[in-house]
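Here the structure of chain A is known, so what remains is to put chain B in place on it, guided by the hints.
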Amino acid sequence: MKQIALGLLLILPAQEKAPVRVTLSESGSFSALVRELSTQCGVTIAIDPSVDDKQIKVSVREATVLQALDALCRAHKGATYLGGANAWPPPRHLTLRAGDWVDYPSVTAGEFKILLDGWQRTKEITDAGADETQRLSLSALAPPNLRILLNGKETWSFSSIKDGKDNDLLLKESSEADGWDRTRLPLKTIGRHVGISRAVRVRPFDKDAGLKLIEGVLEADVVELEDVTISLDAGKETATALGTFVVSSSTPVKGSSRPETRVTLSLKEGTSLADAFEGFGTTDKAEDRWDYVNPTIKGAIAEFQVRAQDPGWIVLRIRKNTRRVKIPFRFENLSFAGEKK
Amino acid sequence: MRLLLTSTLLLSVLQEKQDDLSKWIGKLGAESIEERDAAARHLESLDPAAAETLEAWKTDDAEIRARLDSIAKTLRVRASLARVFGTTRRATLAMKGATLESVAAALGKALDEKIELVGFDPSAKVSLTLSNAPLWDSLSALADAVEGHIGYWANGVKLSKGKRGTLPSKTMEQFQVSVVQATRLETWTPSSDAAPAAMICVALRYQRNLKPTRSDFNNELKITTVTDAKGNKAVARRPAWGESLMVASRPFAFTDVVFVAPDAVLPLTVAGSVNVPFAIEEKTVEMAVAKAGETTEEGDYSFEVRGFTSTEAGVRFALRIKGPDSEEIGWRFQKDDVIVVAKDGSESRVGWSGGSDTHYRFEGAAKVVDPVGIKFRWTTKFHRVQFDWTLENVRLP
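Respectively, the protein sequence lines represent chains A and B. Under this note's numbering, the first residue of the first sequence is numbered 2, with each subsequent residue one higher. Under this note's numbering, the first residue of the second sequence is numbered 4, with each subsequent residue one higher.
Hints in this document: simulated from the structure, not taken from any laboratory. Quick reminder that beta carbons are idealized off the backbone N, C-alpha and C, glycines included. Fair warning: there could be bad hints in the mix.
[Claimed, not checked] Only pairs whose alpha carbons sit at most 30 Å apart, straight line, appear in this in silico DSS-like list of lysine-lysine:
id : chain 1 : residue 1 : chain 2 : residue 2
1  : A       : LYS299    : B       : LYS346
2  : B       : LYS378    : A       : LYS124
3  : B       : LYS378    : A       : LYS299
4  : A       : LYS173    : B       : LYS164
5  : A       : LYS321    : B       : LYS370
6  : B       : LYS370    : A       : LYS124
7  : A       : LYS208    : B       : LYS166
[Stated by the list, open to error] Restraint ranges, calculated between C-beta atoms of paired labels, are given here:
id : chain 1 : residue 1 : chain 2 : residue 2 : range
8  : A       : ASN152    : B       : ASN212    : 36 to 46 Å
9  : B       : GLU38     : A       : ALA99     : 53 to 63 Å
10 : B       : ALA345    : A       : GLN41     : 56 to 66 Å
11 : A       : PRO20     : B       : TRP156    : 47 to 57 Å
12 : B       : GLY310    : A       : GLU270    : 23 to 33 Å
13 : B       : GLY310    : A       : ASN295    : 14 to 24 Å
14 : B       : VAL121    : A       : ASN152    : 27 to 37 Å
15 : A       : ASP311    : B       : THR312    : 11 to 21 Å
16 : B       : ILE283    : A       : ASN322    : 37 to 47 Å
17 : A       : ALA275    : B       : ALA157    : 26 to 36 Å
18 : B       : GLU285    : A       : ASP169    : 48 to 58 Å
[Unchecked claim] A few chain B residues facing chain A, derived, Cβ under 7 Å:
id : residue
19 : GLY165
20 : LYS166
21 : ARG167
22 : ARG187
23 : LEU188
24 : THR190
25 : LEU248
26 : MET249
27 : VAL250
28 : ALA251
29 : VAL260
30 : LEU269
31 : ALA316
With the rest of the complex left out, here is chain A:
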């Protein structure tokens, strides 16, 4: 695809620490280079056994984690971290799996990356009339140690979308129904588990003439992720970035067909735990299993159920250092023609 994508300045509060930068300039096995990237960025990156551990050569300097990941997958040609099965719960760590590497039209903005991952035209006859809609699909990806929150506060603002003939394709959200009353089959999002997506409805245009411009900004809450091990011995305290946790109770669930334990934790400092957890955890170090634990939060108290009998400890993924980010994006001269494989 012929395209030019320009990343603009990432606006962050001044006190935020600088994004992680990595330098890889060497030849080696794919797994060794991924390990090196893991070491430099301080985040575990897993490799699915299906990926061929072949020799590759890569050269990136002062790159973001996502740029380095892209470079590794591009050099390998048969590995990717995008798309894949909609596994639930998602894998604990960002996982590189076997699959064609595709360079999507993308914009790098600070640690983040925004890419155009699809277009869709829908023609329909409904009991409310006949209609045609077109949508562009964008995804925003974060490095593995960060999460862009899908908490209802994320806003995608588009300042300009123009087709190859310079026609304005932007619709005013308030004046155009977004098809909420229609049954829809959206495109699979490629940034599943590593980002958020948005399909924006545009005026119908000639796809073969391409797009001249997509410009806008994503504003969203971003959190840092950290896995903390919390002892489940009654009364024992565990210090974390959120504060000191105290186990109020840890009781086996009676009448359940499988071993389950209900755990109640509270923060000693009494701070609210709203949005403090990713909702996943594990009590199984050997298998590194990642379970959905869905904590019920009430103020500084978190209650959840784990699939284990009297586990002794639990690893929970917590969210910390929430910050608001603006991620601007600008794609120029995108061509859709003849790009299908």
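Leaving out everything else, chain B in the frame of chain A:
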């Protein structure tokens, strides 16, 4: 009641003289789909007592025979629905050059519906003639008279501007099965060849005075076959490029969706079935939570509250239901309407958090002080609305 039915039958027979009947039946074998469809609609609108006449009708044409049998079946289902659920909302109107406002008001009165005009000039002149037309057909006729479309919402009927799409439907007394959406999808992604796709959505709508025993059935409305104009199967797999299907939710309706081959020869014939239990009688069951192992009974069914706790983290308990038919428990128990009652009479709604057809878990976010009991709605009598349907002349855009 019997007298009324007899006079209706006599009227029907008088109206539908033998030669007229013969003319309509002959049209069932017409080349034109529209003509066949109109004939089937007319015959399906006859008094249900005409079923016997249609079944006994002699014809050598196998297709007409099959259509007559299907129409007779429809008439019998209509009779059964009218018996169980009472009078279908119908309208008889003859208004020529009247204001839209007055036509909407008259139709609304006849149908016991509030009809709101959206974007129309209420003083615009319109003509509408209806003869004992059921609710769904009456509303469609009004929409067609003004090039509008109908929304059947919780707070009333909305007539909005914009000509409704030409989509086939079948009215069965208080119910209507219709194609509500026919869609072609074309996609592009840099990663794969995103093949074109097409889908058809069918809805079962019901009058607002009827109530399904629950709203989250899985197979209440089922599309079973789709055939193209050449008689070939036209059902296709869901495209691999698709995310989860986002099915539009309509009030007073159930929906099913099928993917079809985008290159199928049009028009399509879509067939399926309806199987929805609708409540006839309900009652509120109230029971104490204090004593473990204590059961409350209602008919052949018994209820037991298990593991009730009320702490700072909220309320939790399970409800175990025993009875002769575990599938029917799921139909009878209104799990979305369960309330914990406190000693002071205050009530807290709890949410269903999982379980099976005989074991339901509930959670409430807030602690209930001095909880004494729970209460919930239980359907004591219901009727399964069951019929097969076929919609012909379905076209994709």
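Hints versus structure:
no.	hint	in the structure
1	A:LYS299 / B:LYS346	holds, 24 Å
2	B:LYS378 / A:LYS124	violated, 48 Å
3	B:LYS378 / A:LYS299	holds, 25 Å
4	A:LYS173 / B:LYS164	holds, 20 Å
5	A:LYS321 / B:LYS370	holds, 28 Å
6	B:LYS370 / A:LYS124	violated, 51 Å
7	A:LYS208 / B:LYS166	holds, 28 Å
8	A:ASN152 / B:ASN212: 36 to 46 Å	holds, 40 Å
9	B:GLU38 / A:ALA99: 53 to 63 Å	holds, 58 Å
10	B:ALA345 / A:GLN41: 56 to 66 Å	holds, 58 Å
11	A:PRO20 / B:TRP156: 47 to 57 Å	holds, 49 Å
12	B:GLY310 / A:GLU270: 23 to 33 Å	holds, 32 Å
13	B:GLY310 / A:ASN295: 14 to 24 Å	holds, 19 Å
14	B:VAL121 / A:ASN152: 27 to 37 Å	holds, 34 Å
15	A:ASP311 / B:THR312: 11 to 21 Å	holds, 19 Å
16	B:ILE283 / A:ASN322: 37 to 47 Å	violated, 58 Å
17	A:ALA275 / B:ALA157: 26 to 36 Å	holds, 32 Å
18	B:GLU285 / A:ASP169: 48 to 58 Å	holds, 55 Å
19	GLY165	holds, 4 Å
20	LYS166	holds, 6 Å
21	ARG167	holds, 5 Å
22	ARG187	holds, 5 Å
23	LEU188	holds, 6 Å
24	THR190	holds, 5 Å
25	LEU248	holds, 5 Å
26	MET249	holds, 5 Å
27	VAL250	holds, 5 Å
28	ALA251	holds, 5 Å
29	VAL260	holds, 6 Å
30	LEU269	violated, 12 Å
31	ALA316	holds, 4 Å
Consistency with the previously given hints fails for numbers 2, 6, 16, 30, ordered from lowest to highest.
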